[in-house]
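Novice: Here is how the chains run, residue by residue.
2 protein chains.
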Amino acid sequence: MVIDVKKLYEKDHVGKEVILQGWIRSHRKQKEFGFIDFYDGTCFKSIQIIYESDIDDFEDIQKLKAGCSLTIEGVVVESPGAGQAFEVKAKKITLEGDSLEDYPIQPKRHTREFLREVAHLRPRTNLFQAVFRIRSVVAMAIHEYFQNNGFVYVHTPLLTTSDCEGSDQMFKVTTVDFDKLPKDENGKFDASKDLFGKQVYITGTGQLHGEAFAMAFKKIYTFGPTFRTEKSNTKTHANEFWMIEPEIAFCDLEGLMDIEEEMLKYVVKQVIDKCPKEMQFLDKFVENGLLDKLNKLVSSNFVRINYEDVIPILKKAAVKWDFEPEFGEDIAKEHEKYITEYFDAPVFITNWPKEIKPFYMKLNPDGKTVASVDLQVPGAGELMGGSQREEDFNKLVKRCDEMNIDKSSIDWFINLRKYGTCVHSGFGMGFERLLIYLTGVENIRDVIPFPRTPNNCDF
Amino acid sequence: MVIDVKKLYEKDHVGKEVILQGWIRSHRKQKEFGFIDFYDGTCFKSIQIIYESDIDDFEDIQKLKAGCSLTIEGVVVESPGAGQAFEVKAKKITLEGDSLEDYPIQPKRHTREFLREVAHLRPRTNLFQAVFRIRSVVAMAIHEYFQNNGFVYVHTPLLTTSDCEGSDQMFKVTTVDFDKLPKDENGKFDASKDLFGKQVYITGTGQLHGEAFAMAFKKIYTFGPTFRTEKSNTKTHANEFWMIEPEIAFCDLEGLMDIEEEMLKYVVKQVIDKCPKEMQFLDKFVENGLLDKLNKLVSSNFVRINYEDVIPILKKAAVKWDFEPEFGEDIAKEHEKYITEYFDAPVFITNWPKEIKPFYMKLNPDGKTVASVDLQVPGAGELMGGSQREEDFNKLVKRCDEMNIDKSSIDWFINLRKYGTCVHSGFGMGFERLLIYLTGVENIRDVIPFPRTPNNCDF
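Just so you know, the protein sequences line up as chains A and B, in that order.
Take any residue in the first sequence, count from 1 to its spot, add 6: that is its number in this note's numbering.
Take any residue in the second sequence, count from 1 to its spot, add 6: that is its number in this note's numbering.
If you are wondering where the hints come from, they were derived from the structure by calculation, not from laboratory data.
Among the hints, a few may not be true.
As the list claims (entries may be wrong) - Only pairs whose alpha carbons sit at most 30 Å apart, straight line, appear in this in silico DSS-like list of lysine-lysine:
1) B:K71 - A:K424
2) B:K424 - B:K363
3) B:K321 - B:K339
4) A:K290 - A:K343
5) A:K241 - A:K302
6) A:K199 - B:K199
7) B:K35 - B:K69
8) B:K275 - A:K12
9) A:K189 - B:K199
10) B:K275 - A:K280
11) A:K199 - B:K237
12) B:K204 - A:K189
13) B:K413 - A:K186
14) A:K271 - B:K12
15) B:K413 - A:K178
16) A:K194 - B:K204
17) A:K35 - A:K98
18) A:K424 - B:K114
19) B:K237 - A:K194
20) B:K189 - A:K194
21) B:K424 - A:K114
22) A:K186 - B:K186
23) B:K199 - A:K186
24) B:K186 - A:K199
25) A:K98 - B:K401
26) B:K413 - B:K178
27) A:K194 - B:K194
28) A:K204 - B:K199
29) A:K237 - B:K199
30) B:K237 - A:K178
31) A:K413 - B:K186
32) A:K186 - B:K237
33) A:K178 - B:K186
34) A:K241 - B:K199
35) B:K404 - A:K69
36) B:K424 - A:K37
37) B:K424 - A:K71
Assemble the whole structure, with the sequences as input and the hints as a guide.
Specialist: Quick look at the structure:
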């Protein structure tokens, strides 16, 4: 019976016969024996295989290279060496798949830039074994949090005709032949001949559809891929990424912040608990102090402060800003950083000027600000952005008109306010931004299995 | 403190004061009192609210219509009426959001065709409260099964350049202005000027990328949206749907079938356990015998039979076929149905003729068949399709060439066979097909929150 390496670490197997299947990470040969650093991907830790010269095919075995896949039959024995409690003494080693000389993942340190060029192989390295297992564990923790708290998971559509976010930010989707474009009588592209009979985009948000479901299920969340056409080559931009967007009926801004804080703490705790080896590795090799940072977040109280109280703090600061903080303006990265350091805690900044926020946010009684909230986290910047939604039909229509939003493509969304509207709120969290924070890996290209950025859609 | 209706049903609240927030499903008025059938979306069951003429604003309250959102303060009391153990006697009813006269979801039976036209409101009906909560519970059950069994969840990319499935089945994605197409020197569309510098598609599968991760983590699964350009207006086709695609290293066809069977039984059991009210409703109003069908599946042993043994059974059948079963041909829906009825159980049909299966499936030693498997389920048809993958580099290249597959866009995938290849297998399951089976709802448009089909991308 084949056993996962993970199981070997879960209880004592010393003295037991086992069969393992996996790959060679490295191979150290001596004249009379050899050590194979062996992993099977089921846990972060590898296992040491020792074989001696009396094994069948000893000479062939000594030629096995990094990357080879093997079946190993052996016995778990206490390890005389330091660094591990046990190892497997092989009785039989069978080569399943050879690894050619040019195997790029040799047992040495590779740059992350190089590893992006072998994105199909990099998950075999320690770094990406850690990052992508954490990605999976975090995704599950997010589902657990919401499901345990009565949220319904909604698959909002990716194909959409509503371009209220600005269609210039959205990919167009088509089935036409670019060299035989259907044209209308004016010689313009005629989208009515396309599969859906109109111009269709890939969406940048599930919020509007999420609101419709919150008006039926009270608490919902989305978790799916999202797309932006941004032509930015930065460490934090990708054209394809995943987002989580909860929407909650009968929930105001205070209630929303409660959920954001509780969810984030839950997720961070889960990662610390479920990925101890991965986190130790990242703490040691990627971001010193990572675990301290995360443990601190879990036990901290998040600050809640109005935008109008943040600006004076920034203005009073003895800092030479690149951008001077001003009432009515967005705050820059340098300001975000200062504020979280000032409070030494995560900070919810609330009630922003309406001019710099989207049309659907709830207008406050002052007529100047909207009930929105950004969560700033030390070492991460803005992790979540949310708001109360405008639940008043007339006010929403007015905001659409003021901001030149095409109401026709979202009439169904606006009409939700006609039938049992209520105070409701929601937020969005970029999944990769969270992963960057949790792993200490600073480039978004290194937390996405196969990243898509401008001029880069390989693999 | 506001309490979810769900909590009222979890333990005895009789005698307690509660505050509820939700919506009116229907309203029955008498001269001296009234009954409101009230729901908040947190559970399938609604709750009866009773109010009497001594309540504040009695006359206004009597005017409240279906769809209004309310806050209700009251006391849980034992119910004198049949059909429920308790109800809430209201002390105060506050209108949160009115519902206009033309509210489409009146308390009567609506056709599903009509409800598709109000897709933003239909989740408020009993049917869609059941279907979409089940959708969420099933999604979570799938994640649980795989995570509990050590699978890593991988977000494979949707944007892709590999068109090995036939690019005519894939949507093209672009950022160009259709009326100002960049052209090359021959006057043809020049994709090198597009955001990614080449023609990019939305993928129809995550399998190829999934295999790369299975070669690192042993057991992985994907769960994400998938797209097909098919111009079919049938009950089972949509242009956007969700798929689950597990891939497992060191796993042969028998091992794959073990996983498929175990997973399906787990998911079905979870739905039966977690959604009893929803399932009773569907059993009564949508598919008589639904629960019997599902309970039977959980306790059944799935049959495993070779394709070559299936054809003689079909040929011997005393049935007048629309399509005569023939060796070398695919089997039709009528044959699928017959086979599951013949065995009175789910049936794995294995080892199909290579000509009717994709290039990546493992060629059997007979040189004629591939190690593929379709799972046929009574009342559902084909629920999953999978195979061993061709792990031999040379054989895979040969199959690509025989089938005119463009190897250049998937060289990284083919090259996985050069570095520690191993026997491995995977399958795909259409999420909506599973939901149709689990809910008894027969049209794919009714298990997707906002379905996309040809000429239909509304909402």
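Novice: It remains to establish, for every hint, whether it holds in the given structure.
Specialist: Against the structure, the hints come out as follows:
Under the criterion of a C-alpha separation no larger than 30 Å, the hint pairing K71 (chain B) with K424 (chain A) is consistent with the structure, at around 12 Å. With a C-alpha separation of about 24 Å, the suggested pairing of K424 (chain B) with K363 (chain B) holds against the 30 Å cut-off. Simply put, K321 (chain B) and K339 (chain B) have alpha-carbon atoms about 15 Å apart, close enough for the 30 Å limit, and the pair holds. With a CA separation close to 24 Å, the supplied pair K290 (chain A) and K343 (chain A) stays within the 30 Å bound.
Distance hint between K241 (chain A) and K302 (chain A) is fulfilled; the C-alpha atoms sit about 25 Å from each other, no more than 30 Å. For the proposed pair K199 (chain A) and K199 (chain B), the alpha carbon gap of about 25 Å is at most 30 Å, so the pair holds. Under the criterion of a C-alpha separation no larger than 30 Å, the hint pairing K35 (chain B) with K69 (chain B) is consistent with the structure, at around 9 Å. For the suggested pair K275 (chain B) and K12 (chain A), the alpha carbons sit about 27 Å apart, so the restraint of at most 30 Å is met.
Restraint check: the Cα-Cα separation between K189 (chain A) and K199 (chain B) comes to about 22 Å, which is no more than 30 Å; the hinted pair holds. Proposed proximity of K275 (chain B) and K280 (chain A) is supported: the alpha carbons are some 26 Å apart, at most 30 Å. Simply put, K199 (chain A) and K237 (chain B) have alpha-carbon atoms about 13 Å apart, close enough for the 30 Å limit, and the pair holds. In summary, the hint linking K204 (chain B) to K189 (chain A) is supported, as the alpha carbons are separated by about 24 Å, within the 30 Å threshold.
Our distance criterion of 30 Å between C-alpha atoms is met by K413 (chain B) and K186 (chain A), whose separation comes to about 27 Å. Simply put, K271 (chain A) and K12 (chain B) have alpha-carbon atoms about 25 Å apart, close enough for the 30 Å limit, and the pair holds. In summary, the hint linking K413 (chain B) to K178 (chain A) is supported, as the alpha carbons are separated by about 27 Å, within the 30 Å threshold. At most 30 Å may separate the alpha-carbon atoms for a hinted pair to count; K194 (chain A) and K204 (chain B) meet this at roughly 24 Å.
Simply put, K35 (chain A) and K98 (chain A) have alpha-carbon atoms about 17 Å apart, close enough for the 30 Å limit, and the pair holds. Annotation: proposed proximity of K424 (chain A) to K114 (chain B) holds, straight-line Cα distance about 20 Å (limit 30 Å). Restraint check for K237 (chain B) and K194 (chain A): the C-alpha separation of about 24 Å stays at or below 30 Å, so the hint holds. Taking the CA atoms of K189 (chain B) and K194 (chain A), the gap is about 16 Å. The hint holds against a cut of 30 Å.
Between K424 (chain B) and K114 (chain A) the CA atoms are separated by roughly 20 Å; this keeps the pair inside 30 Å, and the hint holds. At roughly 14 Å between alpha-carbon atoms, K186 (chain A) and K186 (chain B) fall within 30 Å of each other, so this suggested pair holds. The straight-line distance between the Cα atoms of K199 (chain B) and K186 (chain A) is roughly 18 Å, inside the 30 Å bound, and the hint therefore holds. Under the criterion of a C-alpha separation no larger than 30 Å, the hint pairing K186 (chain B) with K199 (chain A) is consistent with the structure, at around 18 Å.
For a cut-off of 30 Å, the pair hint linking K98 (chain A) to K401 (chain B) stands: about 28 Å separates their Cα positions. For the hint pairing K413 (chain B) with K178 (chain B), the CA-to-CA distance comes to about 20 Å; that is within 30 Å, so the pair holds. For the suggested pair K194 (chain A) and K194 (chain B), the alpha carbons sit about 17 Å apart, so the restraint of at most 30 Å is met. Between K204 (chain A) and K199 (chain B) the CA atoms are separated by roughly 24 Å; this keeps the pair inside 30 Å, and the hint holds.
About 13 Å separates the Cα atoms of K237 (chain A) and K199 (chain B), which keeps this hinted pair within 30 Å; it holds. With a C-alpha separation of about 19 Å, the suggested pairing of K237 (chain B) with K178 (chain A) holds against the 30 Å cut-off. With a C-alpha separation of about 27 Å, the suggested pairing of K413 (chain A) with K186 (chain B) holds against the 30 Å cut-off. Taken as a hint, the K186 (chain A) and K237 (chain B) pair is honoured in the structure, with Cα atoms around 19 Å apart against an allowance of 30 Å.
The hinted pair formed by K178 (chain A) and K186 (chain B) meets the criterion: a straight-line CA distance of about 14 Å does not exceed 30 Å. Our distance criterion of 30 Å between C-alpha atoms is met by K241 (chain A) and K199 (chain B), whose separation comes to about 23 Å. Of the pairs offered as hints, the one joining K404 (chain B) and K69 (chain A) holds, with about 29 Å between alpha carbons and a cut-off of 30 Å not exceeded. At most 30 Å may separate the alpha-carbon atoms for a hinted pair to count; K424 (chain B) and K37 (chain A) meet this at roughly 28 Å.
A hinted pair counts as satisfied when its Cα atoms are at most 30 Å apart, and K424 (chain B) with K71 (chain A) qualifies at roughly 12 Å.
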